[in-house]
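Q: Below, each chain spelled out in residue letters.
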Amino acid sequence: MRPALVEIETIDKYILHQMGAEDKLVFEAKILLNEELSRAVVAQRKTHKLLRLFWRKQQRDKLEIIYQQLLQEKTFLNGLKAIFS
Amino acid sequence: MQLLIAFYYDGLSMQDMARRFGFSGTRSATVQKHKCLEKVRAEVKKMESYETSIS
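If you read the sequences in order, they're chains A and B.
Numbering-wise, my numbering puts 30 at position 10 of the first sequence, and it's gapless, one number per residue.
Numbering-wise, my numbering puts 38 at position 8 of the second sequence, and it's gapless, one number per residue.
Next up, chain A with everything else stripped away, as it sits in the complex (with noise of 0.2 Å):
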């Protein structure tokens, strides 16, 4: 594996929590030293925060279609109805 994916590899360790404590500090020390790896480990919190907001409008528009197709169902639509009358 090329060097670019290994420390997209480290990256992720360390910022899932992966990581062992003396390899935590020794990569935090690196991080200090290092501004592209600074960038880079900010860079990927980033994307996992993008990544996260694209699975959750995926769950909501799943939970729509489930809920649009609960609202077909005669039998709930009616106790729904019953509920609130």
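Keep in mind that the hints were calculated from the coordinates and are not lab data.
Careful, some of the hints might be misleading.
[As the list claims (entries may be wrong)] Now the in silico label distances, taken between C-beta atoms and shown as ranges:
(1) A:F74 to B:V61: 19 to 27 Å
(2) B:E73 to A:L100: 37 to 45 Å
(3) A:L57 to B:G52: 32 to 40 Å
(4) A:T95 to B:A72: 30 to 38 Å
(5) B:M44 to A:L73: 22 to 30 Å
(6) B:G52 to A:W75: 15 to 23 Å
(7) A:A49 to B:D40: 30 to 38 Å
(8) A:L91 to B:G41: 24 to 32 Å
Just so it is clear, CB atoms sit at the ideal spot from N, CA and C, and this is done for glycine as well.
Got chain A; can you put chain B on it based on the hints?
A: Chain B only, in chain A's frame:
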């Protein structure tokens, strides 16, 4: 993005990833996952430098 979602949020193993996305093995799946993350990260960096240049 689907590959990354499958790994980080659907909890698929590398073996399942290789099967679902048609990779030859777990090694290929791992490399492709890292490459996807690299591409998205590069776009994030591009956006950041654009935002810095216009602010």
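Q: Taking the hints in turn, state whether each one holds.
A: Hint check results:
Between F74 of chain A and V61 of chain B, the C-beta spacing of about 22 Å keeps the proposed range 19 to 27 Å intact. Separation of E73 of chain B from L100 of chain A is about 43 Å and conforms to the stated range, judged on CB atoms against 37 to 45 Å. Restraint check, L57 of chain A to G52 of chain B: a C-beta distance of roughly 34 Å satisfies the suggested window 32 to 40 Å. The hinted window of 30 to 38 Å between T95 of chain A and A72 of chain B is violated, with their beta carbons roughly 51 Å apart.
The hinted range of 22 to 30 Å is satisfied by M44 of chain B and L73 of chain A, whose Cβ atoms lie roughly 25 Å apart. Between G52 of chain B and W75 of chain A the CB atoms are about 22 Å apart, so this pair conforms to the stated range of 15 to 23 Å. Between A49 of chain A and D40 of chain B, the C-beta spacing of about 35 Å keeps the proposed range 30 to 38 Å intact. Distance hint check: the CB atoms of L91 of chain A and G41 of chain B are about 30 Å apart, consistent with the given range 24 to 32 Å.
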